[in-house]
Amino acid sequence: MDNAMLSQTGIYFLLGYLASMILVGVAGKFASKEESMKDFYLGGAGFGVGILFLTMYATQYSGNSLIGFAGSAYRSGWFFLVAVTFMVAIVGGYLLYAPRLYPLAKAKGFITVGDYIHYRYNHKWLTYIIVAIGIFALSNYMLTNLKAIGYILQTVTGGWIGFSEGIIAMAIIMVIYETLGGMRSVAWTDAIQGVLLFVGVIIIFAVVWVHYGSLEANADLLMQIRTDFFDDPTPVQQIQWFSVLVLIFFGISVYPQAIQRIYAAKDEKTLKRSLQLMIVMPFLTTLPLIAIAVIGAAHFPDLNKAGSEQIILLMLTFWYNVKIKKQFMDINENNTAFSSYIFTFFRLCDKTTSTA
Amino acid sequence: MILYPYFNPKCYTFIMIKFSFLFLLLTIPLLSGEPVWGLPLWVWGSLGATVIYAGVLIYTIETKWDDLKEPHDG
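These protein sequence lines are chains A and B, in that order. Numbered according to the working numbering, the first sequence spans residues 1 to 356. Numbered according to the working numbering, the second sequence spans residues 1001 to 1074.
It should be emphasised that the hints constitute simulated quantities derived from the structure, not laboratory data. Take the hints with a grain of salt, since some may be wrong.
Said to hold, decoys possible - Below, a list of computed lysine-lysine pairs in the DSSO-like style, where the Cα atoms sit at most 27 angstroms apart:
id, chain 1, residue 1, chain 2, residue 2
1, A, K266, B, K1018
2, A, K266, B, K1069
3, A, K272, B, K1069
4, A, K33, B, K1018
5, A, K38, B, K1069
6, B, K1064, A, K266
7, A, K269, B, K1069
8, A, K147, B, K1018
9, A, K124, A, K106
10, A, K38, B, K1018
11, B, K1018, A, K108
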């Protein structure tokens, strides 16, 4: 517990937050309008701009953004800027099918990807195969997020909650509230987490910028210890860049959970506004995360892969322990608000919820 | 008739968006790694192209949404 980012009050906050997730599930159950598949899996297909955008945002920017993206940016440097482009390109991918699929889904009452495939091709085995591929893709997505949950819980509690225990506990809570309230509960928790994620990224970016210095201020340091960050891009890297973009343009835009959210939009205008907002978010979420990781590479060089994936936590822990704790060594309660906020922020990583 | 809908003006937008991923070629890092305001030059180039791509998508959603539908969707 000595290395924990959470104080005892923080632990209570953690428990309260987890309890509130289950309450959201109960609220979702009471808010359901009818006992139907459409109501359970699409939240009645009546999401407005606020909820639809935030649930799309929280789904696309998961624990993988905080752990995986930051780790990749730490290792690859600015080359990982491709993540900003591919996050925008995903919406370009949606445009290939969403304008046509949405009215069709409304008219035919689609709930899952399989419903459309069955309607379009009327072929049982093709539907089974595509659903199986969807489940496989989703499994990878869930694994990365569960891994993120384990890391974060272990780090913020200083090992009091272990990696495996954290994953199991969070998974149970998610199953409870999703079973209770279906997609409605998922979207509500996504909305809370989406706001926290966005605000958290901006705050962490500001903290890092102020306490570790700007990109320009760190450039000299980087040029000494990570010269590779300033190498000219090679033809192999350029080909890799475009390959990644094409793969993600066509791949992530057809994630089953994304298609389900398109079905869940209240109307076309809602869907259009939500997609437009999604285009802006890579510049306000992915880009700051990459900048944080690059600055982190200047201050914490030589981390291995596992260490690099915790670069944001490492930077915050170092800043908190060395710079803040020193100043308030004798005022115990001072770490309460900060640690509580940090947990809430990192709890965002239960984006597996979004796969309901 | 075989070439329909490619001569339907409404379908131009769809064909363009269908191949819009080719626009992503412009974001490829082609410039040098010389530092400019703390970032490699190619980062400014790729980021700029991404911003333009984002703007085009927002404009397309706002004004061309209906063109992206198949004719039978009304």
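Can you name, in rising order, the numbers of the hints this structure does not satisfy? 4, 8 and 10
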